[in-house]
Amino acid sequence: MVANKDVEISVARGTVHAIVGENGAGKSTLMKILYGVQQPDEGTIAVDGTVLSLRSPTDAIRAGIGMVFQHFMLADNLTVLENVVLGAEKRHGIGDAARAEISRISASYGLGVDPDDLVADLGVGQRQRIEILKVLYRGAHILILDEPTAVLVPQEVDELFGNLAALKAEGLTVIFISHKLDEVLKVADEITVIRRGTTVRTVKPATVNARQLAELMVGSELPSPSTEESTVTDRVLLTLEHVALAGAATGNRALLDDISLTIHAGEVLGIAGVEGNGQAELVEVVMGMRDASAGTVKLEGTDITDWPVREIREAGVGYIPEDRQRHGMLLEAPLWENVMLGHQTQKPALGAGGVLVDARAVQRETEEIVRDYDVRTPSIFVTGESLSGGNQQKLIIGREMRQHPRVLLAAHPTRGVDVGAQAAIWGYIKQARRDGLAVLLVSAELDELIGLSDTIRVMLRGALSGHFDPDTVTREELGSAMTGATGPDAPADPTTSEKGLV
Amino acid sequence: MKRLDWRRAGLGLAAPVLAVVVAFVVTTAILLLAQDPVGAVWGQLLKVPLPRQLVAVFNAATVYYISAVAVAIGFRMNLFNIGVDGQYRVASFAAAVFAGQGWLPGWLNIIVALLVAMASGAVWAGIAGLLKVGRGVSEVISTIMLNAIATYLVSFLLGKTAVKVQGSNATSTKSLPADSRVPGISVDGMLATPSKVYGLIVLAAVVGFVYWFVLEKTRFGFDLRATGRSETAAVASGVNVKRMVLTSMLLSGAAAGLVGMPLLFGQDYLYGDTVQSGLGFAGIAIALLGRNHPIGIAFAALLWGYLDQQSNGLQIAAGVSDRLVLVIQGVIVLSVVIAYELVRRAGIRMEQRRVARQLAAGDAVAPVTEGAAV
Numbered sequence: 133m134v135a136n137k138d139v140e141i142s143v144a145r146g147t148v149h150a151i152v153g154e155n156g157a158g159k160s161t162l163m164k165i166l167y168g169v170q171q172p173d174e175g176t177i178a179v180d181g182t183v184l185s186l187r188s189p190t191d192a193i194r195a196g197i198g199m200v201f202q203h204f205m206l207a208d209n210l211t212v213l214e215n216v217v218l219g220a221e222k223r224h225g226i227g228d229a230a231r232a233e234i235s236r237i238s239a240s241y242g243l244g245v246d247p248d249d250l251v252a253d254l255g256v257g258q259r260q261r262i263e264i265l266k267v268l269y270r271g272a273h274i275l276i277l278d279e280p281t282a283v284l285v286p287q288e289v290d291e292l293f294g295n296l297a298a299l300k301a302e303g304l305t306v307i308f309i310s311h312k313l314d315e316v317l318k319v320a321d322e323i324t325v326i327r328r329g330t331t332v333r334t335v336k337p338a339t340v341n342a343r344q345l346a347e348l349m350v351g352s353e354l355p356s357p358s359t360e361e362s363t364v365t366d367r368v369l370l371t372l373e374h375v376a377l378a379g380a381a382t383g384n385r386a387l388l389d390d391i392s393l394t395i396h397a398g399e400v401l402g403i404a405g406v407e408g409n410g411q412a413e414l415v416e417v418v419m420g421m422r423d424a425s426a427g428t429v430k431l432e433g434t435d436i437t438d439w440p441v442r443e444i445r446e447a448g449v450g451y452i453p454e455d456r457q458r459h460g461m462l463l464e465a466p467l468w469e470n471v472m473l474g475h476q477t478q479k480p481a482l483g484a485g486g487v488l489v490d491a492r493a494v495q496r497e498t499e500e501i502v503r504d505y506d507v508r509t510p511s512i513f514v515t516g517e518s519l520s521g522g523n524q525q526k527l528i529i530g531r532e533m534r535q536h537p538r539v540l541l542a543a544h545p546t547r548g549v550d551v552g553a554q555a556a557i558w559g560y561i562k563q564a565r566r567d568g569l570a571v572l573l574v575s576a577e578l579d580e581l582i583g584l585s586d587t588i589r590v591m592l593r594g595a596l597s598g599h600f601d602p603d604t605v606t607r608e609e610l611g612s613a614m615t616g617a618t619g620p621d622a623p624a625d626p627t628t629s630e631k632g633l634v
Numbered sequence: 010m011k012r013l014d015w016r017r018a019g020l021g022l023a024a025p026v027l028a029v030v031v032a033f034v035v036t037t038a039i040l041l042l043a044q045d046p047v048g049a050v051w052g053q054l055l056k057v058p059l060p061r062q063l064v065a066v067f068n069a070a071t072v073y074y075i076s077a078v079a080v081a082i083g084f085r086m087n088l089f090n091i092g093v094d095g096q097y098r099v100a101s102f103a104a105a106v107f108a109g110q111g112w113l114p115g116w117l118n119i120i121v122a123l124l125v126a127m128a129s130g131a132v133w134a135g136i137a138g139l140l141k142v143g144r145g146v147s148e149v150i151s152t153i154m155l156n157a158i159a160t161y162l163v164s165f166l167l168g169k170t171a172v173k174v175q176g177s178n179a180t181s182t183k184s185l186p187a188d189s190r191v192p193g194i195s196v197d198g199m200l201a202t203p204s205k206v207y208g209l210i211v212l213a214a215v216v217g218f219v220y221w222f223v224l225e226k227t228r229f230g231f232d233l234r235a236t237g238r239s240e241t242a243a244v245a246s247g248v249n250v251k252r253m254v255l256t257s258m259l260l261s262g263a264a265a266g267l268v269g270m271p272l273l274f275g276q277d278y279l280y281g282d283t284v285q286s287g288l289g290f291a292g293i294a295i296a297l298l299g300r301n302h303p304i305g306i307a308f309a310a311l312l313w314g315y316l317d318q319q320s321n322g323l324q325i326a327a328g329v330s331d332r333l334v335l336v337i338q339g340v341i342v343l344s345v346v347i348a349y350e351l352v353r354r355a356g357i358r359m360e361q362r363r364v365a366r367q368l369a370a371g372d373a374v375a376p377v378t379e380g381a382a383v
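Going line by line, the protein sequences match chains A and B. Everything in the first sequence is counted per this note's numbering, starting at 133 for the first residue and increasing by one. Everything in the second sequence is counted per this note's numbering, starting at 10 for the first residue and increasing by one.
Hints were generated in silico from the structure; no laboratory data involved. Quick reminder that beta carbons are idealized off the backbone N, C-alpha and C, glycines included. Incorrect hints may appear among the rest.
[What the hints assert, rightly or not] Once the Cα atoms are required to be at most 27 Å apart in a straight line, the calculated DSS-like pairs of lysine-lysine come out as:
#1 Lys430/A - Lys479/A
#2 Lys336/A - Lys164/A
#3 Lys479/A - Lys251/B
#4 Lys251/B - Lys430/A
#5 Lys226/B - Lys479/A
#6 Lys318/A - Lys336/A
[What the hints assert, rightly or not] For the chain B half of the interface with chain A, some residues (derived, Cβ under 10 Å), not all of them:
#7 Thr227
#8 Arg234
#9 Ser246
#10 Arg353
#11 Arg363
Can you build the whole structure from these sequences, using the hints too?
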């Protein structure tokens, strides 16, 4: 169905076809081409044997290709019906005809969507089903799902896979883009591996295991996160005592609710949880970007609750932000200016009289970071934007670690980075632990948490759970704590309890 | 790195050149539609200016330049200071009143008057800054309002403080003492004209240099640019954004306060109700065209001054209103905004491709082993 100079993929009707590859391997470009956002320089795309020219998403929709994005595009304050018909008013109007069509689609694919629910009241899994429904409503028979499981907890992933099976049974075609190999193996009928913009191979899931697939992806052997012997000391570096953060409006539930935690030198505390349960707020309160409404934050005994961000950074708190494009980098600035960012008041940026910037020293420092942290770039003068996600992240970690912090806050440090960079980043976090830093690791990747943490705690609706021991905890236990489900309602599935690789 | 800079320079120049070309085409189209003599209009606008006119171009550009730098300070911080017009009115009036008293002798009077102008411009802009920081009022709205207030406030105060001049209806402040006037710079060595360039063209140059130095070389400048590029990243890096908003509004206002100074000390010697208006708005256009760059702004200011000057003869030479120049200037600004965005995107794509290509080439030579020791 799809051809391109470098990429050749054929997808049969009524199958789930997975496309896997590292970030930067060309998955997103391929996707953009399929959805008409970007035009291929060479090659053709054909649906049912007809060669198409997709010049815009409108063309793609007309050809029956629909895209479900990783980040949902739903208006919270509208109902499901309103969200679905928005922009597609011509199909079935905006009234009862549309409502009937939504119910029909929902019933025939087992999506369980009620057209009159308010989107604001719905959970992540349900929202994703609305996105799928939106695409089906527009007449798509080929669905492209971009990293659909990134935002889901294990139980929701299983539900999604159930929905995909229903779609397949009705003769629809699903293209499933992911880098989570265990999931791909479970759901796909065929898997195409992409590396550096080319298709490496198309395989049947029955013939490969996750490790072989990963090695196809990277083109070499790869490491996995595994804990080493404990380096935890009894020196307490970071303490939070009864920290709370009130909601934006009165009456809203608190964003952070009575959070107390302690991290020692040489300890990694992992925070698991479905996104939006207060992890981001927790990190921002410690960094001083938000003011806690109650409680205290202490850095090695010193109360830093009311300190501004700059003083907290100067006192030795390193920060790897969860959204590096918004909080970690100046995308349009050269790399060396990005190395200064967050350390303007510290060496080597600090120039004469504390007023000037020592650009030379920062550029030397940047050269060293690029070398020591394996940042792949032709020059330190290119803009931050021109680097891949993994290289941006390595630059950020390099600049933070070179300031020798005492505490490191790492939020989703391997999100959106390729497998190679992921291994390197795990290495740096382990190194930080060996060097006696106190590390607060927030992640949505359970394997990463289990592999790197000394202790895991789960965040749900702004509150912290008890302690889990990463050596004994299962993915299901964490998953249940993440959704707040009590009791063993999730059926034990042997394949999900295997500790996957990526 | 050298090659990179040339590439950047090329991209940087592409947009303004494109904008000027588009303006030329659009204006020609308008003239054709209106059945005006196209040839005569461009003949008038593009003819070589007389020496006298050339001096006038530089004088106009001096004033425009300072105004555009004031606007650019805001732009670099993602603040849209539309209020330069009001700020320079308030400041010019305050400086004219102060300097007119002649409390201080000669140059001292001038320097203190310049400081008075900067302070009053800063105060006027600071109101908008405080409103934004304290109450979240958009600086666009508040500075527009403050422009209107400034106009009426100044004319009210002018009425209170004006000195009556025999045989004239004009109201104005007291004229500057003779020793507090800045002499013009004679250019008769180069150009055959007795006209003189404003002495305070030096002030414009100093403003431009300080603007460049503070933004590009100091930590404060880095913080300001970082905030302009990404407020979220700046907050995470420890910049106090509220303080930064207020400070840059004050600085922008202080620069705006100097806009009227070349006129006050080099030409009018007083502030009256006939003072030139619209300088602040021209500054917005010039800052956009000059891409907030101290040199770029200088060229844009000269272009503006040139167009103004050449438009004077339009009515006589071609029978077309000199307002046509406003159309040209407007089209330049519109197209420059679009052209910059296009060029910016093209630049990003080019650089991303180049980086990818260079990395791919490097990998082909020496396959790099993935990852660090774990």
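Self-check item: Hinted contact serine 246/B with chain A - closest CB pair below 10 Å
Solution: holds (4 Å)
Exercise. Would you check whether arginine 363/B satisfies its interface hint, that is, whether its CB is within less than 10 Å of any CB in chain A?
Key: holds (7 Å)
Exercise. Measure nothing beyond the straight line between the CA atoms of lysine 430/A and lysine 479/A; if it is 27 Å or shorter, mark the hint as holding.
Key: At roughly 25 Å apart (the allowed maximum being 27 Å), lysine 479/A and lysine 430/A satisfy the hint.
Quiz item: Would the stated hint for arginine 353/B survive a check requiring a Cβ distance to chain A of less than 10 Å?
Solution: At about 8 Å, which falls below the 10 Å cut-off, the nearest Cβ of chain A leaves the hint on arginine 353/B intact, so it holds.
Quiz item: Taking 10 Å as the limit, does the beta-carbon of arginine 234/B come near enough to a beta-carbon in chain A?
Solution: Holds, about 8 Å.
Practice problem: Below or equal to 27 Å on CA atoms is what counts here, so check lysine 479/A against lysine 251/B. | Solution: holds (25 Å)
Quiz item: Are the Cα atoms of lysine 336/A and lysine 164/A separated by 27 Å or less?
Solution: holds (25 Å)
Exercise. Below or equal to 27 Å on CA atoms is what counts here, so check lysine 226/B against lysine 479/A.
Key: The given pair, whose Cα atoms are some 16 Å apart, holds under the 27 Å limit.
Quiz item: Is the straight-line distance between the alpha-carbon of lysine 318/A and that of lysine 336/A 27 Å or less?
Solution: holds (11 Å)
Exercise. Tell me if threonine 227/B is really an interface residue toward chain A, meaning its C-beta lies closer than 10 Å to one of theirs.
Key: holds (6 Å)
Quiz item: CA of lysine 251/B to CA of lysine 430/A, is that 27 Å or under?
Solution: holds (26 Å)
No hint from the list above goes unmet by this structure.
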